[in-house]
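Under the numbering used here, think of the first position of the sequence shown as 19, with each following residue one higher.
No lab work stands behind these hints: they were computed from the structure.
This structure is a prediction, so every number in the text was calculated from the model and none was measured.
Note that beta-carbon positions come from the ideal geometry of N, C-alpha and C, so glycine has one too.
One or more hints might be untrue.
Claimed, not checked - Here are the simulated lysine to aspartate or glutamate pairs, EDC-like style, with alpha carbons at most 16 Å apart:
#1 Lys220 x Glu144
#2 Lys49 x Asp63
#3 Lys124 x Asp216
#4 Lys124 x Asp101
#5 Lys233 x Asp216
#6 Lys233 x Glu178
#7 Lys251 x Glu276
#8 Lys130 x Glu144
#9 Lys49 x Asp66
#10 Lys124 x Glu148
#11 Lys130 x Glu276
To be verified - Here are the in silico distance ranges between beta carbons for each label pair:
#12 Pro154 x Asn128: 22 to 32 Å
#13 Asp66 x Ala280: 21 to 31 Å
#14 Lys220 x Glu160: 31 to 41 Å
#15 Gly169 x Pro191: 14 to 24 Å
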Amino acid sequence: MLNVKNLLAATAVAFGLMAAQSPAFATGTAKPTIVLVHGAFAASDSWDGVATILQSDGYPIISVANPLRSVSGDASYTRSLIDNIVGDIVLVGHSYGGPVITNAAKGAANVKSLVYVASFAPEKGETIAELAAKFPGGTLGEALATPIPLGNGVNDLYIEPSKFHAQFAADVPADKARLMATAQRPVTDFALNEPSGDAAWKDLPSFHIFGTADKNIPPAAMTFMAERANSRKTVTIDGASHVVMVSNPDAVADLIIEAATAK
19 MLNVKNLLAA TAVAFGLMAA QSPAFATGTA KPTIVLVHGA FAASDSWDGV ATILQSDGYP
79 IISVANPLRS VSGDASYTRS LIDNIVGDIV LVGHSYGGPV ITNAAKGAAN VKSLVYVASF
139 APEKGETIAE LAAKFPGGTL GEALATPIPL GNGVNDLYIE PSKFHAQFAA DVPADKARLM
199 ATAQRPVTDF ALNEPSGDAA WKDLPSFHIF GTADKNIPPA AMTFMAERAN SRKTVTIDGA
259 SHVVMVSNPD AVADLIIEAA TAK
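Taking the hints into account, I'd like the entire structure generated from these sequences.
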């Protein structure tokens, strides 16, 4: 007869061994763990090209499933992960993921550096909506679909699928962009209007990369934020869209490696 109690115990042991042997959470890895935080209208697989390069170079990778509900809540969620990783971390954020890492890394002793990939790097009290409107050139508002009410005064926001390619991923092949539009994850309007907390980039070295053809965040805004954060290195990719990590994974991976090896 099957002993359920013994089976459950064996399963727990097995999962414990799996966790202990996981390269992302293992102790004493020679290289820092790279934690990738995706942004709004994207998903964890938007990092696939970058992650493949980094893994081939021996870096342990965690791609966070960012909830996209609120900056403070998503930062807390990410921080809980950070606090359970042994060893140094390079924290990487795309778009809305920038405010998340800005808040999540504050006071985290194991975060070595921050990498902002076509993303916001807010000061305390700033909102994403405020920063997006600070400079001309952003056209996201014109590309959004009708908001979806969540019943609590908050709405989910999506990019209209027919506008996704031109707005979000113009330098990605059309077939790929259609799949990305289908898999896009919504962000709440509350998250875009929630003031940011204390900025970790004031205490940690930051690295920034973005494209000159970004329509979600004006390049002038990202230049401003990089300069304000005393960016250790800023890379601009001519003609790259908002998903520079999808269209130019090598350049993004190179900058992450530079952040991981910087003294």
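Taking the hints in turn, this is what the structure says about them:
Restraint check for lysine 220 and glutamate 144: the C-alpha separation of about 15 Å stays at or below 16 Å, so the hint holds. For the hint pairing lysine 49 with aspartate 63, the CA-to-CA distance comes to about 22 Å; that exceeds 16 Å, so the pair is violated. Between lysine 124 and aspartate 216 the CA atoms are separated by roughly 7 Å; this keeps the pair inside 16 Å, and the hint holds. With a CA separation close to 12 Å, the supplied pair lysine 124 and aspartate 101 stays within the 16 Å bound.
Of the supplied pair hints, the one linking lysine 233 and aspartate 216 is violated, its CA atoms being roughly 27 Å apart against a limit of 16 Å. Only pairs whose Cα atoms come within 16 Å are accepted, and lysine 233 paired with glutamate 178 is accepted, the gap being roughly 14 Å. Proposed proximity of lysine 251 and glutamate 276 is supported: the alpha carbons are some 9 Å apart, at most 16 Å. Of the pairs offered as hints, the one joining lysine 130 and glutamate 144 is violated, with about 24 Å between alpha carbons and a cut-off of 16 Å exceeded.
At most 16 Å may separate the alpha-carbon atoms for a hinted pair to count; lysine 49 and aspartate 66 exceed this at roughly 19 Å. Straight-line distance between C-alpha atoms of lysine 124 and glutamate 148 comes to about 22 Å, which puts the hinted pair past the 16 Å bound. Taken as a hint, the lysine 130 and glutamate 276 pair is honoured in the structure, with Cα atoms around 12 Å apart against an allowance of 16 Å. About 39 Å separates the C-beta atoms of proline 154 and asparagine 128, a value inconsistent with the hinted range of 22 to 32 Å.
Range check, aspartate 66 to alanine 280: Cβ separation about 25 Å, and the 21 to 31 Å hint holds. With their beta carbons about 34 Å apart, lysine 220 and glutamate 160 fall inside the hinted range of 31 to 41 Å. Under the hint 14 to 24 Å, the C-beta atoms of glycine 169 and proline 191, about 38 Å apart, miss the expected range.
Violation of the numbered hints given earlier is confined to hints 2, 5, 8, 9, 10, 12, 15; the remaining hints are satisfied by the structure.
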